[in-house]
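Novice: Chain V is already provided as a structure; the job is to place chains E, R, H, A and P on it using the hints.
Here's the letter readout for the chains.
Number of protein chains: 6
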Amino acid sequence: MSSQRIATVQPVDEGDATGKVAEIYADIRATKQIDFVPNFWRVLATNPAQLETVWTSLKRLMHPEAVGRTSALDPQTREIIALAVSATNGCAYCINSHTAAALKHGLDRSALGEVMAIAGLFNMTNALADGYQIEPDVKPPLE
Amino acid sequence: MSSQRIATVQPVDEGDATGKVAEIYADIRATKQIDFVPNFWRVLATNPAQLETVWTSLKRLMHPEAVGRTSALDPQTREIIALAVSATNGCAYCINSHTAAALKHGLDRSALGEVMAIAGLFNMTNALADGYQIEPDVKPPLE
Amino acid sequence: MSSQRIATVQPVDEGDATGKVAEIYADIRATKQIDFVPNFWRVLATNPAQLETVWTSLKRLMHPEAVGRTSALDPQTREIIALAVSATNGCAYCINSHTAAALKHGLDRSALGEVMAIAGLFNMTNALADGYQIEPDVKPPLE
Amino acid sequence: MSSQRIATVQPVDEGDATGKVAEIYADIRATKQIDFVPNFWRVLATNPAQLETVWTSLKRLMHPEAVGRTSALDPQTREIIALAVSATNGCAYCINSHTAAALKHGLDRSALGEVMAIAGLFNMTNALADGYQIEPDVKPPLE
Amino acid sequence: MSSQRIATVQPVDEGDATGKVAEIYADIRATKQIDFVPNFWRVLATNPAQLETVWTSLKRLMHPEAVGRTSALDPQTREIIALAVSATNGCAYCINSHTAAALKHGLDRSALGEVMAIAGLFNMTNALADGYQIEPDVKPPLE
Amino acid sequence: MSSQRIATVQPVDEGDATGKVAEIYADIRATKQIDFVPNFWRVLATNPAQLETVWTSLKRLMHPEAVGRTSALDPQTREIIALAVSATNGCAYCINSHTAAALKHGLDRSALGEVMAIAGLFNMTNALADGYQIEPDVKPPLE
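Residue numbers (this note's numbering), protein chains in the order written: chain V, 1 to 143; chain E, 1 to 143; chain R, 1 to 143; chain H, 1 to 143; chain A, 1 to 143; chain P, 1 to 143.
So that you can see chain V by itself, here it is in the shape it has in the complex (with noise of 0.2 Å):
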């Protein structure tokens, strides 16, 4: 069965997915109720492993409600987090999912603009704290 090349590995079609991976293929599709499976998972599944560790991890994060915990955060805030990480990461891929998935939970592209902005500002202070190795002045209030 032949495969587009997304990436330095072929992907595990949906198709040819057994066992442990189509396992996990039905429970992404379910979890996040979309009809395919992303290339991320896919290209994963070529060490099965290595999908178990990061869907479960992904799994119990995104989607608590899937697991039965409760989240301090709402969906929305937890894809800004994602978008800011990957936008210091300089992530492609990461970039592209997580701007759709925060606009899908209802951030407009102002408010993105506004998530980019203070994502950039703090990468811009980060280099000035460490370029002067600037010594902290507040220590965080233990409860």
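Incorrect hints may have been included.
Identical copies carry no separate label here, and so any pair may be met within one copy or between two of them.
Unchecked claim - In silico DSSO-like cross-links for lysine-lysine, where the CA-CA straight-line distance does not exceed 30 Å: (1) K20 x K59; (2) K32 x K104; (3) K139 x K59; (4) K139 x K32; (5) K139 x K104; (6) K32 x K59; (7) K20 x K32.
Honestly, the hints are just simulated from the structure, not real lab data.
Specialist: For chains E, R, H, A and P alone, coordinates are given in the frame of chain V:
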């Protein structure tokens, strides 16, 4: 007037500030409602244009009410972005400062754990998506 | 009015700009002496506060003469810093833009090689000094 | 012979250096015109091939006159690149060392502020250009 | 029960751990064959879901025998990867911890020098390849 | 002689190389046992000192047998380090090149999955340890 060594340069003490620097120091204390000027700003003041550039940006984005602007994000969410970026970059000064600010804005230590866990998660997925050079399968929807 | 897709958001075309955005677009063209508004600024314009914050900072630091300021660094050196940072972060847009600007300011391709070689070298030594957690043996002299 | 712990490994003291390591130590003192071997080099010496690789590279690029080479960049500009990279990466040892070197080469603390402000600025714009996945609108001119 | 301040939050002491956290603490001590719970895990425990997510991932990947899995990599190679990543990111806690673990798994300080030298080298070539925006000339062979 | 555009600068074609550059090109082909000079080296050749610095370092560390040196690490492990660093930095050229090299040295796609999963894991734990500013609880043993 002596000053403790806190950086690679000698910071400008509040008592030594004059002109534009003194004005900005006063604005920092008033806008942030604190009674001292943090190390970060006293170090930037070694070059007044730098102090003005960074303070103008931070004031506009993090204290929108002070410039008559309405932000689409609440103060806690803005500090969450600051924390996610600072954790990704590993900036000690910034992490201390923004953890304190986030707690002050009502994030408790369990919610802080969610912010960190999610920031950590996406540092992992960013390395994976980049490490395999995975092609985006989604384009953010254009309005 | 249609616009080519160039980012995760739809940029604001010059013909669609009004008010504050149109003003800043005009200032960008005049200050940079170019006859179009680069993609970067047209994307930032999706949130006018973001456009204003970033343009104000960049204008003050990279076009000091336009704000009546004197810089201690010449334009080529400023572009060299931009390049070294952008190479370290691997930002494609920025590398293209600042390589072009540095060449325009008189850096030839052999000198560009020195900038890159030195930026590369210190990315190596940074990883080594951090990787061994080496303690500083020198404190910068305080004036 | 005892040695203060300064890193994750025990550095090679000057009195303990023999053969290739002793030779390179002497070259470092002579080339840099200093009377001690900095921690960085004494730590790298725990693997002589590593010491030789890094010293050979740094000597060629940062002390071109010592290898009969002409550099297109002056010593202060070379240290500015080192600083901009080290601030971006947040490397404490390197920031201390290169701030001291830049000041020694005539950069004063106000000019240092410009280097930092510009390095900070482009860490911001890098995050923005990456965070929106903006396409280059310019290709550097080829000679 | 009092606890030394070791982070931006108050860690959960072993004596204070109950339920899921106490279970994971016991699993960490047993799996790693150590008689205390490292700071890292006691800090993550401030949010039990975070502790569980990270420990489950790390246990599966770094202690495969404990979950009945066979790894294609030996323990020393796994620690070498941890070190190379931590040196690249400049994470102090992680560098200390993984240097100790790598030495425990038989890497001596000369071999550690090779790991560091190679990690340093590729931080240099990464900056160069990115800094020039070089196009890949090779595609990894697909099986 | 024309050359396809592959970078921000015009690379030096093999047919145009003379003197030191031609010598190094020949050494690259011989040492790596390939019949062409990769883009990376043809771009570095735009500044011969840069080409020599980087090639000398890479040859010594990655082709130790070619300089009569014995390495404590086997070739596959050396490529694994290259991959872990390149995935962390998100360098496309380097990821392609080192994935190909690692596969050539016998790493199969499942083992590649372990390398990536572990590199990803430690990018997560690095962000967490830094994000909480956790103090080291372990010092690497000194021999």
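Novice: Now look at each hint and say whether the structure bears it out.
Specialist: Results of checking the hints against the structure:
1. In the homo-oligomer, the alpha carbons of K20 and K59 lie at most 30 Å apart both inside one protomer (16 Å) and across protomers (19 Å), since each shortest distance falls under that limit.
2. Taking the shortest Cα distances, K32 and K104 sit within 30 Å of each other inside one copy (12 Å), while across copies they are farther apart (34 Å).
3. When the C-alpha separation of K139 and K59 is checked against a cutoff of 30 Å, the pair qualifies only between copies, where the shortest distance is 22 Å, while the shortest distance within a copy is 33 Å.
4. Taking identical chains as interchangeable, the C-alpha atoms of K139 and K32 lie at most 30 Å apart only when they sit on different chains, with a minimum of 17 Å there against 39 Å within one chain.
5. For a Cα distance limit of 30 Å, the shortest separation of K139 from K104 across copies, 12 Å, qualifies, whereas the shortest one inside one copy, 37 Å, does not.
6. For a Cα distance limit of 30 Å, the shortest separation of K32 from K59 qualifies both inside one copy, at 9 Å, and across copies, at 26 Å.
7. With identical chains, the CA atoms of K20 and K32 are at most 30 Å apart both within one copy (18 Å) and between copies (27 Å).
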